[in-house]
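Engineer: Residue strings, one per chain:
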Amino acid sequence: MCGIAGIVDLSRVVDLDELNRFTDALQHRGPDGRGIWNTDPRFGLGHRRLSILDLSDNGACPLEYEAPSGAKSVITYNGEVYNFVELKKELEGLGHRFKTATDTEVLAACLAQWGKQGLNKLNGMWAFAFLDRSQNTLLLSRDRFGVKPLYYAIQNNKFYFASELKAFTALKGFTRELNEALVPSYISNSQAIEGSTEHTLFKDVYKLMPGHIIVLTANGQIVKERWWNTRENTRDYSQVSALERASIFRDLFIDATRIRMRSDVPVGCSFSGGIDSTAVASCIKLIQRNNASAERTYQGPFSGFLSAFPGDPLDETEFARLAADEIQLELTENQTKGAYTTESVLKNIWVMEDIYPGIAIPVAENYRAIRDAGIKVSIDGHGSDELLGGYAFYLPIPIGNLNNTLYHQFHQGLLPSILRNYDRCSMASGVEVRMPFMDFRLVSFAFSCPDSDKIGNGYTKSILRASMAGIMPEAIRTRRNKIGFNSPLPALFNDDLLPLLGLITSTSIWKENPWWGNSLEVGEILKKARTRSWVESDWPTLLQLWTLVNLCAWILTFIENKFPQLGNTR
Amino acid sequence: MKFLQLISNYEGYLIGYNERLRERGATWEHAQALYYEDGFLMPHFLSTAFRALGHEANFVVFNNNYTQQIWELEYSSSRTKTTNEILLEQIAYYDPDILYVMDPITLDSSFLRAIKRRSMIIIGWRAAPIHPSIDFSEFDFIFSSVPDLFTQMRAQGAEQPRFFLPGVDVEFMKSLPTVEKQADISFSGQYGPLHVRRNMLLLNLAQQQLKQRDNFELAYYLATSDYGALPAGVFAHCRPPVWGRNMLSMYASSRAAFHIPIDMAEANATAMRLFEVGATGTPLFVHRSAEIQGVFSEDEVIRFDDANDFIQTYLKLRCERDALEERGLRAMKRCMNDHSTINRALQLLEICR
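Order-wise, the sequence lines are chains A and B. One gets the numbering used here by counting positions in the first sequence from 1 and adding 29 to each. One gets the numbering used here by counting positions in the second sequence from 1 and adding 4 to each.
A couple of the hints might just be wrong.
[Stated by the list, open to error] In silico negatives: residues of chain B with every beta carbon more than 10 Å from chain A:
id : residue
1  : Gly29
2  : Ala30
3  : Leu57
4  : Glu142
5  : Val200
6  : Lys215
7  : Asp218
8  : Phe239
[Said to hold, decoys possible] In silico lysine to aspartate or glutamate, EDC-like type, Cα no more than 16 Å apart, as pairs:
id : chain 1 : residue 1 : chain 2 : residue 2
9  : A       : Lys511    : B       : Glu221
10 : B       : Lys215    : A       : Asp344
11 : A       : Lys201    : A       : Glu47
12 : B       : Lys185    : B       : Glu221
13 : A       : Lys201    : A       : Asp46
14 : B       : Lys215    : A       : Asp46
15 : B       : Lys185    : B       : Glu76
16 : B       : Lys215    : A       : Glu47
17 : A       : Lys511    : B       : Asp218
18 : A       : Lys201    : A       : Asp38
[Said to hold, decoys possible] Under 10 Å between C-beta atoms, here's a sample of chain B residues computed to sit facing chain A:
id : residue
19 : Glu15
20 : Leu18
21 : Ile19
22 : Gln211
23 : Cys242
24 : Val246
25 : Arg249
If you are wondering where the hints come from, they were derived from the structure by calculation, not from laboratory data. Since we're looking at a predicted model, the values are computed, not measured. Beta carbons: idealized from backbone N, C-alpha and C, even for Gly.
Sequences and hints are given; from them, build the entire structure.
Structural biologist: So this is what it looks like as structure tokens:
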């Protein structure tokens with residue numbers, strides 16, 4: 030789990046200084062080490078390492094690999110291939126020999142053996158660049174659902190790629206130009222952008238879409254291809270009883286959790302006492318009890334970390350304590366009160382590097398607490414709400430259309446932006462987030478099940494609840510209410526955010542914006558904040574208002590470079 | 005006085021009824037007993053009340069071909085008649101002084117004109133929309149709990165529309181077994197285009213469930229033509245429809261129930277469901293604007309403004325269990341004392357006099 034960057038300049042020689050700057054712009058993603066590969070001067074591959082598997086120098090990246098055929102390759106890689114243990118055995122049977130205990134080497138061998146077809150064998154999350162040195166072709170790939178990010182740009186006949194958008198600002202001659210065409214879409218629904226277009230807020234920087242590859246050939250040709258389509262991997266389970274479907278789901282979920290426990294460093298979890306995080310934590314405890322000797326499975330102490338909001342409707346402490354107590358999970362409660370200084374909010378915008386209708390400080394702070402506790406891997410319940418219909422706004426959808434709606438939300442709608450947030454917020458503190466609900470076997474199965482397995486039998490996420498009977502605390506399994514993981518916006522607008530609001534609304538970006546013009550009464554907004562008049566029922570207004578503040582702050586940060594110090598603080 | 009009630013039942017109910025009748029033995033006597041035991045349309049079941057008052061009273065479920073053929077086998081000398089021919093023969097056989105037609109849409113004036121002896125009083129009951137083609141001119145009275153329909157009824161030939169209410173068969177209610185409380189809030193009824201307000205409340209209550217910190221269980225026993233079109237939030241709590249005795253037991257097993265009448269009735273909420281819930285002793289929630297005068301007083305029901313208020317009120321009262329249950333018991337007492345079907349039968353006789 031790391032940050033990757035690279036430059037390809039087929040007609041000249043890669044500028045090493047530029048490659049170093051480009052790579053080190055991702056230092057926060059990989060605080061444990063760095064590596065540069067430039068043996069072939071036309072290709073520069075960079076890597077920032079967060080060491081999780083094989084902590085020795087053997088695990089460093091970029092990693093060179095030589096197949097039994099003698100074919101040489103090199104890979105720079107961000108992610109985890111959870112089934113590397115099984116794949117390694119299969120590849121050893123085919124004559125491959127391994128020098129490290131990393132999944133990186135297994136991934137390189139897999140690609141050397143089967144080419145891009147090898148992607149279908151991988152169970153995990155990733156973004157990587159794999160250089161086949163015999164063909165001089167570079168393969169860039171992103172995992173099925175886009176858990177790990179990858180951006181690219183083509184400028185002056187050079188091809189650039191990196192894990193985060195902000196890295197591109199370190200490039201020589203990079204023009205910080207806002208992609209204005211995208212702004213109206215962001216304003217109308219910022220959560221719908223991430224999964225629906227390869228365009229980004231930087232003009233001429235693109236994201237590689239989930240389940241896609243790019244092949245850069247020796248003659249400079251760029252071929253983009255989709256390699257994964259969930260729909261093509263679903264089956265009809267309507268003839269299978271609901272009880273049996275729940276049983277299949279349980280087996281898949283436990284296995285998805287089990288393989289995500291493979292780690293050579295301490296593992297913890299974000300824990301809210303909601304059904305998703307409690308299901309994950311309960312399964313981890315179950316696996317630790319029953320599967321003590323499994324290869325590479327983490328067996329050490331396992332703790333949960335809660336974002337607590339005492340006195341606020343968002344607070345879930347009572348549920349988290351109840352669940353943690355029952356499954357004997359050590360619980361750390363983090364409060365973010367006082368964390369919303371102007372500087373920290375701007376820093377969070379720098380971390381997030383995109384527009385989102387909420388402030389992700391509680392998420393980021395929770396991962397910071399996890400890392401401060403010496404934990405590098407967090408196994409979390411993200412993805413379940415979109416996969417299994419956990420939100421209240423799914424309730425008005427006709428039940429016959431639910432699966433299609435969830436499919437869209439999962440692949441193109443809400444989830445991609447949430448995955449982006451969790452990646453940025455966790456990686457800002459050097460924590461790798463693993464998500465059992467994002468296991469492709471579980472996802473394919475869930476979309477093969479009828480709508481009633483999502484919302485039915487009196488519950489949301491009904492198949493998860495049915496499958497977890499006897500495994501997780503009953504009070505949480507049958508808990509019906511849903512509290513989102515967000516910042517307490519009304520309280521923040523009444524207090525901590527006032528200086529930032531004043532700062533942003535006084536800028537020319539806000540005053541002269543061509544999108545909403547003067548349609549917002551800034552005086553009224555500030556007055557309401559000063560008189561602490563924002564209330565819970567103002568949530569929709571505040572989400573929209575925050576989106577605009579976020580947009581202006583993004584422009585100030587990334588286009589106008591007004592806060593260059595943000596990248597240097599943790 | 006001879007009284008004959010013509011009833012039509014939901015097909016969904018009749019399928020299960022016919023199966024049970026086959027198991028019991030397909031005789032007219034069994035058929036009549038089973039209809040009564042089932043309690044479907046209990047609040048409208050006046051024939052039993054007339055019998056209790058010493059009159060000769062019968063009923064016919066005219067849209068059940070199976071039981072109609074049983075009658076034909078036992079009481080008629082000829083066979084292979086049409087459904088209407090059997091019904092006309094039944095009317096001639098029972099020779100009522102009062103004919104009470106529960107479905108004056110299917111059995112409108114064109115049917116009534118075919119009755120040979122026309123000296124009886126004919127009453128129709130309607131509390132739902134009426135197609136403009138329906139002719140009520142052959143009816144002496146049209147009863148309804150929805151006075152807003154009276155103008156249209158008159159325009160379509162009903163000379164004497166009268167306000168009339170369903171009631172409660174006290175003896176039937178006493179025969180129901182005691183049940184344990186299960187779901188928090190239950191509803192039984194139709195989901196469809198005639199019930200937009202109700203549909204919305206069913207969904208909004210489901211949404212509230214995700215917002216409230218306290219857990220509570222919703223149980224919707226819905227009849228609808230397309231279950232795939234139900235909003236996911238409604239579908240989540242949807243259970244197979246229940247009828248008659250089963251529905252009453254279901255209500256009795258709920259901690260609370262609610263009633264939202266058909267949209268057409270607007271504020272007027274005095275429908276059959278009010279009496280069915282009330283008679284079980286289950287606390288009844290009705291919308292703040294619902295008019296229930298003459299049925300319940302304010303201390304016999306619980307008012308709500310919207311789904312949020314409904315749930316907040318319910319959760320508060322759930323903590324004060326006695327206060328919640330007291331409301332239901334008061335409503336039950338009122339149903340048994342003032343709204344019995346025997347009282348309704350007496351009112352009907354008074355109207356006809």
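Engineer: If a hint holds in the structure, say so; if it doesn't, say that too.
Structural biologist: Evaluated hints:
{"no.": "1", "hint": "Gly29", "result": "35 Å, holds"}
{"no.": "2", "hint": "Ala30", "result": "35 Å, holds"}
{"no.": "3", "hint": "Leu57", "result": "45 Å, holds"}
{"no.": "4", "hint": "Glu142", "result": "43 Å, holds"}
{"no.": "5", "hint": "Val200", "result": "13 Å, holds"}
{"no.": "6", "hint": "Lys215", "result": "7 Å, violated"}
{"no.": "7", "hint": "Asp218", "result": "8 Å, violated"}
{"no.": "8", "hint": "Phe239", "result": "4 Å, violated"}
{"no.": "9", "hint": "A:Lys511 - B:Glu221", "result": "15 Å, holds"}
{"no.": "10", "hint": "B:Lys215 - A:Asp344", "result": "13 Å, holds"}
{"no.": "11", "hint": "A:Lys201 - A:Glu47", "result": "7 Å, holds"}
{"no.": "12", "hint": "B:Lys185 - B:Glu221", "result": "12 Å, holds"}
{"no.": "13", "hint": "A:Lys201 - A:Asp46", "result": "10 Å, holds"}
{"no.": "14", "hint": "B:Lys215 - A:Asp46", "result": "54 Å, violated"}
{"no.": "15", "hint": "B:Lys185 - B:Glu76", "result": "44 Å, violated"}
{"no.": "16", "hint": "B:Lys215 - A:Glu47", "result": "51 Å, violated"}
{"no.": "17", "hint": "A:Lys511 - B:Asp218", "result": "11 Å, holds"}
{"no.": "18", "hint": "A:Lys201 - A:Asp38", "result": "14 Å, holds"}
{"no.": "19", "hint": "Glu15", "result": "23 Å, violated"}
{"no.": "20", "hint": "Leu18", "result": "26 Å, violated"}
{"no.": "21", "hint": "Ile19", "result": "23 Å, violated"}
{"no.": "22", "hint": "Gln211", "result": "5 Å, holds"}
{"no.": "23", "hint": "Cys242", "result": "8 Å, holds"}
{"no.": "24", "hint": "Val246", "result": "16 Å, violated"}
{"no.": "25", "hint": "Arg249", "result": "24 Å, violated"}
Comparing the model with each numbered hint stated earlier shows that hints 6, 7, 8, 14, 15, 16, 19, 20, 21, 24, 25 do not hold.
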